[in-house]
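Novice: Using the hints provided, position chain C relative to the given structure of chain W.
Protein chains in written order, with numbering that gives the first Met the number 0: chain W, 0 to 214; chain C, 0 to 214.
Since the hints were derived computationally from the structure, they do not count as laboratory data. The model shown is predicted, which means the values in this text are computed figures rather than measured ones. A few of these clues could be false.
In silico DSS-like links for lysine-lysine, alpha-carbon gap of 25 Å or less [said to hold, decoys possible]: (1) C:19 with W:200; (2) W:186 with W:127; (3) C:69 with W:123; (4) W:39 with C:66; (5) W:123 with W:186; (6) C:144 with C:69; (7) C:19 with W:66; (8) W:33 with C:66; (9) C:200 with W:127; (10) W:33 with W:19; (11) W:200 with C:127; (12) C:142 with C:89; (13) C:33 with W:19; (14) C:33 with W:66; (15) C:69 with C:200; (16) C:127 with W:69; (17) W:69 with C:33; (18) C:66 with W:19; (19) W:89 with W:115; (20) W:19 with C:200; (21) W:200 with C:123; (22) C:163 with W:33; (23) W:163 with C:39; (24) C:69 with W:39.
Each chain, written out:
Protein chains: 2
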Amino acid sequence: MKTINNSKSWTDLSAPVTNKMVHWPGEPEVSVCKLFDMNKGGPANVTILSMSAHTGTHMDAPLHFIKNGKDISMFPIDMMIGPARIIEIKHDRFIPLEEVQQHEINPNERVIFKTKNSSSDWPKQEFKRDYIYLSLEAAGYLKEKKVSVVGVDYISVGGKDNGKAVHEMLLGNEIWVIEGLYLNGIKPGLYEMICMPVKIKDSDGAPARVIVRKI
Amino acid sequence: MKTINNSKSWTDLSAPVTNKMVHWPGEPEVSVCKLFDMNKGGPANVTILSMSAHTGTHMDAPLHFIKNGKDISMFPIDMMIGPARIIEIKHDRFIPLEEVQQHEINPNERVIFKTKNSSSDWPKQEFKRDYIYLSLEAAGYLKEKKVSVVGVDYISVGGKDNGKAVHEMLLGNEIWVIEGLYLNGIKPGLYEMICMPVKIKDSDGAPARVIVRKI
Chain W
0 MKTINNSKSW TDLSAPVTNK MVHWPGEPEV SVCKLFDMNK GGPANVTILS
50 MSAHTGTHMD APLHFIKNGK DISMFPIDMM IGPARIIEIK HDRFIPLEEV
100 QQHEINPNER VIFKTKNSSS DWPKQEFKRD YIYLSLEAAG YLKEKKVSVV
150 GVDYISVGGK DNGKAVHEML LGNEIWVIEG LYLNGIKPGL YEMICMPVKI
200 KDSDGAPARV IVRKI
Chain C
0 MKTINNSKSW TDLSAPVTNK MVHWPGEPEV SVCKLFDMNK GGPANVTILS
50 MSAHTGTHMD APLHFIKNGK DISMFPIDMM IGPARIIEIK HDRFIPLEEV
100 QQHEINPNER VIFKTKNSSS DWPKQEFKRD YIYLSLEAAG YLKEKKVSVV
150 GVDYISVGGK DNGKAVHEML LGNEIWVIEG LYLNGIKPGL YEMICMPVKI
200 KDSDGAPARV IVRKI
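In isolation and in its complexed conformation, chain W is listed as follows (with noise of 0.2 Å):
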């Protein structure tokens, strides 16, 4: 069997965890600190994270907004290797139909949407109430495509408004989401993807490292 090619490099398309860092209005603060600190006198370093599922590079699973859905420890692990399409949308305001229709979306897809929220530093970032989300037209056009997984480059695919009805298009139809990618500097086009969400049980998301590599 032909064993992963490792020539060409990987890039990470995963945010970095950090204290205090963006969060969710309404969620705890994201916190990393340590238990124990070696420039304190710690015998070692030791980190305790607090924070939602649902922080940084995160993916959502059904049971995010679906009754008894699937848990994130249920993404099955061939869907986490895979060739993934990483499409750019010029509406500074959602991700409308007609640009999505402007690409052939085929069926099992993973599909990824770079917007104008990569154009800044979001991690590091207060919550911003303007950001670039997923309209509900395009996310049933993505439901009847058949797409495997949707991608965005802020914490929520969904928006203020329809929050909840994108979230249940996609994951109501066994679209598994994937939030909060760091595409600064990344190119549109075709991409070989590794996305492994931390394996939780009976949790309605989990952060993940997301890497590409271009095919």
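Specialist: Same frame as chain W, now just chain C:
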């Protein structure tokens, strides 16, 4: 470029993260709880995590025991993917030099030890004081052989009495450590492995997702 051949299926070596799962004595309890719960009238399910960065299947960065050492966000992407050898250890108290020496260990190898720890469903059980750990002599040998990664099947690579010394021997020599691998039912042999820790800046460790397939 050849993309990853996904025809042969992967096996998950990651222990599920669960509420109140086993943790290192002296570290706070693992908490995986819902801030919002649809079964209790919540608008969505939203899980909050609170735990040591050294929970379940996780990686140790040099910073865990080396002042100003590399943190877990510096684990090189190229080291996340590649061959790994799972070696079975018969000794029932620790991993002795003599058993490790029976295997030809090569520079840059990822070496994973499967011990008696994997005969119990340890992630669901109380902390066990008599877990099998790496002897300092075997750690020194792995350092001499210049391996790149060492993995073990309990939540610490070192024992009660040699924990600090074993960690320093490995982490102080740029050998990265995977702890808490779930190897129940896994056969020894040569595998291809993907090991991706959450990218936590300035952290001494991070939960990781680890998968393998036979080469």
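Novice: With the threshold set at 25 Å, check whether the alpha-carbon distance from residue 66 of chain C to residue 19 of chain W stays at or below it.
Specialist: holds, 23 Å
Novice: Given the proposed pairing of residue 33 of chain W with residue 66 of chain C, does the C-alpha separation stay at or below 25 Å?
Specialist: Holds - the C-alpha atoms of residue 66 of chain C and residue 33 of chain W are around 13 Å apart, at most 25 Å.
Novice: CA of residue 33 of chain W to CA of residue 19 of chain W, is that 25 Å or under?
Specialist: Answer holds: residue 33 of chain W to residue 19 of chain W is near 14 Å, not above 25 Å.
Novice: Would you check the hint for residue 39 of chain W and residue 66 of chain C, treating anything up to 25 Å between C-alpha atoms as holding?
Specialist: Holds: residue 39 of chain W and residue 66 of chain C sit about 11 Å apart, inside 25 Å.
Novice: Need the status of pair residue 127 of chain C, residue 69 of chain W: alpha-carbon distance at most 25 Å?
Specialist: violated, 32 Å
Novice: For residue 186 of chain W and residue 127 of chain W, compute the direct alpha-carbon distance and say whether it is at most 25 Å.
Specialist: Measuring from Cα to Cα gives roughly 23 Å; hence the hint holds.
Novice: Does residue 66 of chain W lie within 25 Å of residue 33 of chain C when you go C-alpha to C-alpha?
Specialist: With Cα atoms ~13 Å apart, residue 33 of chain C and residue 66 of chain W stay inside 25 Å; holds.
Novice: Given the hinted pair residue 69 of chain C and residue 39 of chain W, is their alpha-carbon gap at most 25 Å?
Specialist: holds, 18 Å
Novice: Residue 33 of chain C and residue 19 of chain W: Cα distance at most 25 Å?
Specialist: Within the cut-off at roughly 20 Å; holds.
Novice: Verify the proposed pairing of residue 142 of chain C with residue 89 of chain C, using a straight-line Cα cut of 25 Å.
Specialist: holds, 22 Å
Novice: Tell me if the straight-line CA distance from residue 89 of chain W to residue 115 of chain W falls inside 25 Å.
Specialist: holds, 7 Å
Novice: For the pair we were handed, residue 200 of chain W and residue 127 of chain C, check the Cα-Cα distance against 25 Å.
Specialist: Since the Cα atoms of residue 200 of chain W and residue 127 of chain C sit roughly 22 Å apart, the hinted pair holds (cutoff 25 Å).
The structure fails hint 16 only (numbered hints given earlier).
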